[in-house]
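*Asks:* Two chains, two frames, some hints: make the complex.
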Amino acid sequence: MTTTRDIHVPEFLAGDEFSIPTYRVLTQEGTLCEGAEAPTLERDEARAIYRAMIATRVLDERMMAAQRQGRLSFYMQCTGEEAAVIGATAALDEADMIMAQYREQGALVYRGFTFDEFMNQLFGNELDYGKGRQMPIHYGSRKLHYMTISSPLATQIPQATGYAYGQKLAGEGQCTTVFFGEGAASEGDFHAALNMAAVHEVPVIFFCRNNGYAISTPAIEQFAADGVAPRAFGYRMHVIRVDGNDILAVHRATQEARRIAVEHNKPVLIEAMTYRLAAHSSSDDPSGYRSRKEEEAWREKDPILRMQRWMSDQGWWSDDEEKELQERLRREVLEAMKRAEKRPPPTLDTLVTDVYAEVTPALQQQLDALKAHIRRHPEAYPKGARFLDPELSRTDDEGES
Amino acid sequence: MPTMNLLQAINNALDIAMAEDEKVLCFGEDVGGFGGVFRATSHLQERYGRARCFNTPLVEQGIVGFANGLAAQGSVPVAEIQFADYIFPAFDQIVNETAKFRYRSGDLFNVGGLTIRAPYGGGISGGHYHSQSPEAYFTHTPGLKIVVPRNPYEAKGLLLAAIRDPDPVIFFEPKRLYRASTGEVPEEDYQLPLGEAEVTKEGSDVTLVGWGAQMEVIDKAVELAEKDGISCEVIDLRTLLPWDADTVAESLLKTGRLVVTHEAPQTGGFAGEIAATLQERCFLYLESPILRVTGLDTPFPLTLEKEYLPDHLKVFEAIRESVHY
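First to last, the sequence lines map onto chains Y and W. Just so you know, we're using the working numbering here: the first sequence kicks off at 46 and counts up by one. Just so you know, we're using the working numbering here: the second sequence kicks off at 190 and counts up by one.
If you are wondering where the hints come from, they were derived from the structure by calculation, not from laboratory data. Keep in mind that this is a model prediction, so the values were computed, not measured.
In the DMTMM-like style, the derived pairs of lysine to aspartate or glutamate whose C-alpha atoms are separated by at most 20 Å in a straight line are:
#, chain 1, residue 1, chain 2, residue 2
1, W, LYS495, Y, GLU386
2, Y, LYS368, Y, ASP347
3, Y, LYS311, Y, GLU246
4, W, LYS495, Y, ASP394
5, Y, LYS416, W, ASP486
6, W, LYS409, W, ASP394
7, Y, LYS416, W, GLU510
8, Y, LYS346, Y, GLU79
9, W, LYS495, Y, ASP413
10, W, LYS503, Y, ASP413
11, Y, LYS416, W, GLU506
The following residues of chain Y were derived to be distant from chain W, with all beta-carbon distances above 10 Å:
#, residue
12, ARG304
13, LEU379
14, GLU386
Pairwise CB distance ranges (calculated):
#, chain 1, residue 1, chain 2, residue 2, range
15, W, MET190, Y, PHE57, 53 to 63 Å
16, Y, ILE52, W, LEU297, 30 to 40 Å
17, W, LEU297, Y, HIS245, 39 to 49 Å
A virtual CB, placed ideally from N, CA and C, is assigned to each residue, including glycine.
This is chain W alone, in the form it adopts within the complex (with noise of 0.2 Å):
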């Protein structure tokens, strides 16, 4: 099985959904015979031409709005959004016209072939505008998926999913990872489940939800933990929105412990979404708070970005908070 990195990974996904169907089409800022800035679209304006990827002026707002009317005739548009943090001029297209183009038809018209693609995510000294992780702000929005891969193989199976499912789809990606995550992935198409969280290490003690680059902090904070004797449960959410309250819910009935974390600040963080969900559900089973490690509620620092980050070792006094509460 071959080894990529993930934007090697998310290149051939790419590659394979523009090879199998012809009204896939990728465009974006730098997208077209650059492959864009981070080179995810490598080499698909020289395999599919320039009809079918290419570079569009730079216009966020334009990048979504014409990507919804391409959805609404009949395409499947992968448009990029070069940051996550320059997302902002699209967000009303996403969020009043995206979301809701199904629902306010009555299903006369629908969107569902879209995917938008972001680097999201801290740790590269990125500053405000080049660190932020905006998912808080869509999942709040009913009618959109949100989808966040953690490795390479990962972001192949769920970006071609999201490209295929019926419902338009955000695909934030952890650019942090994108060299720096390798693994094997399969040559072959595949898809893995939108909707479905993964438990990737099974415990006893305590419950670790995360996503995206996330897991990689978790599954630090998690050896650490494990070495003074507390048995971990982690779980990969995957998709935020719909996401699987249930196999949280499980785990957190044999645990009875619950640790959220996510780079974004606390305060309207998704982690809040979870906790409340979870107490709702478990209330009588919970030894402990849930706790939520995140960022702190300010902009997303440059000079002290490691003092401000949810860091494994943060995680770790978490959890054995949790555990010896």
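Next comes chain Y alone, as it looks inside the complex (with noise of 0.2 Å):
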């Protein structure tokens, strides 16, 4: 539907007009901003959202290291980027769905995907839900909600509109949740994943993670607009812009926007403001596109800082408590690394199921003609030839995803 309202001298509207404000709850020293409303995170649920935080960013920092060691063979860090993450899902429905982009893994920790099932997806081992078939970081997990990553960017977005769009049909109360970046909001996909949201009143919330860099290209060569929040308007839909490093303003902001989705069936666009304070990748050197006092300057908005300041304040975490966890972790995320180094990969059968429902007979003969080469070149193909002998390719437990 469009305004009607006549003007009759040719009056242009700049593009610039609006301006959007920045919801902040928590000070960079932990207090609360001066006429910010009382956080409604409770005690317990503040714990785990912290202890999520911490257990995200133990097992980065670990598997980065890994793969400088040389035993992974990629990996990606959600670091900077914690609170905007968790925050955001512990404001949903546990059985609410996740549509992540690849950063996210902060959201898998908070639902209780454990360090095994992590690794197990890292070192693409037998028990891998996605069977050894994705690089490293692509998780997924059926029983928390959390769709399986797909690498190509915002390809999720419109995905997300389709799936809310079913949830609001089933009318069992859910929505969906879809991370991406300020860069993939580039992509022709989410442009058509909002409108077709606000057309069709989907209880979807479109969470972006505006942490200032697509690998090398910063938000300003991104996008000449304010930020991504400016495109809501363009589609009707409610939009909110939040300090993505304030646990507090993106938590309460989150809920805010279940409640329009799922109670309204509206769709809402978050804009978090926030910094990825890794490489993009280990594959990255972020020293040939941006500066160490730039980074310098945002590891001291660290998002886990602050959130643990306020902790401390309200007599909510202490310092033995901090120190014991972090221990704790690392010791976990260690011995589970070593326990999925030691499983084997996926038996040989698995690069021909789930092309289909069923193996074609064309699929098959393919498979046949391959276990029938490795047979005559055992030595060329270790992993391969591994799974030739039934009794050597017997696994004795399975995964459940």
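*Replies:* Structure (structure tokens):
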């Protein structure tokens, strides 16, 4: 529906007339901002969120180190964005769907994905739910309502609109939250997703992690506008910008967004302003495109530090607990990594399963030919050769996704 | 003569093209100051300015649509798609627009100046989305030219030819060889012909056909075969569209046997087109069935990549099968 106000001289709107405020509750010192409402987050929930943030940080540090040691082919860190991802996840119902981009492992940590489950995927072993088919960090969990990651950017955004439309029809009061970066928001899929969500009144939360960079490309070269948030107006959609390093702001904003989505069947766009403290991935070196000084300035705005200060002030967290937790998590990550590394890869048959619901006769022939080839050259295919003898290919326990 | 790796050769070709013609522009995701995630466009922004070498927003359909418009205007865009796996949002712009621009307008307009560069192929532990060889989606599209170099020397000469060619070209770069393949590359400007295959090795018993990174695999297989006393003729197709059937047919008339290999899945792969054309042209000269050595008909895997890939042992066995039919 278009508006009908007439004008009779050519008055243009400049495109910069909307200025979007940023919702902030906590100062960097961990105190409440002046005028901020009292937080609704309670002690136990706050502690659970904080533990998930620390666990994500520890996981990321250890796995990046493992990648540097050559134990892992690839890794991506959530570092600096833990409050945005975990604060949002904590505000959802645990049965709400999450469709992430690839840097949102914090959501899985919060929902209870175990270190063993992380490691099985990272090492692509026989217990990996994805059957060793995708690069590290492409997690998925049906039981935790977390869609398996796909590397192509923004493809999950219109899918989230469709998924949430199905949830609306099912009438069970669930919604979908889709995470993506400010770079992915440039893809056509983003625009298609928002427009369809608004037109069809879909309970979906579009959560943009505006972390400043798409690999090397700074946000200033990504869009001329005031961030991603103003685009919501073009689709007539609710929108809020939050300080993404402020756990209380992210949590409260997402709670409210969920209420709008589920109670009113309206999509909401949240733009969380944050910073990708780590490299894009283990294959990237940011020293080629941004300064140490810039990174240091953001390190001082570390979302974990801010939450820790607030928790301490509340008397909800102590240094001793911090130390104990960090040590325990480091140990658990290392133990899980060692277990996963020892696990063999998925069987050779997994090359051809899941292409279709049933293996086609033609694919079976290709697999048989491959097995015959490996039998002739077992030394050249150490992983594949292991499964030619049925005795060796038996696994003792199976995972559950 | 300087030694370059494949990336340096590409960078050198872009540098020469931009220095020679100010209408040449290079752009794409991260290609500006950073010089691309593989550094193929290193220093081009410094040398030619931000107006001619720049980062685009992260939108492949936009990159190619923008490039189509630029080319229609008379500029010479060299657009980078960061990985060939990510070319699909631009599929509509390439298949319905790039390929048909000249034809649909009766040659009033064309986008012949356009070159699209994209790294392709496996062998780098990249899983589904950093390993694919999508050439056959595009070889099914009249109006495009598809070029794939096998080494630094070829990359420079073919890329310069692609940029200056009067038709739009998709230039698939074998990323596994970006740093792994090095060789002597002349400093000066030179071009290699598009649409012409090259016989890289002469032989009499069997003809091997491939392109890009698969040529290295063929060479290893041929080494094994020659130890067995099998004389192999090797052909690098270099351009897949329009492709040089004459050179392959001439070879096949001599050897009577043909093995074609590519990394992409078998069904609908470009090897099928080659086999069909050659059996039409050389039927009575064939001593054995034309064989294809390809990836399986599955998405590109990760953990079992080694098993999946059409490696030198699989090519070697096909050579033996062809010769001992």
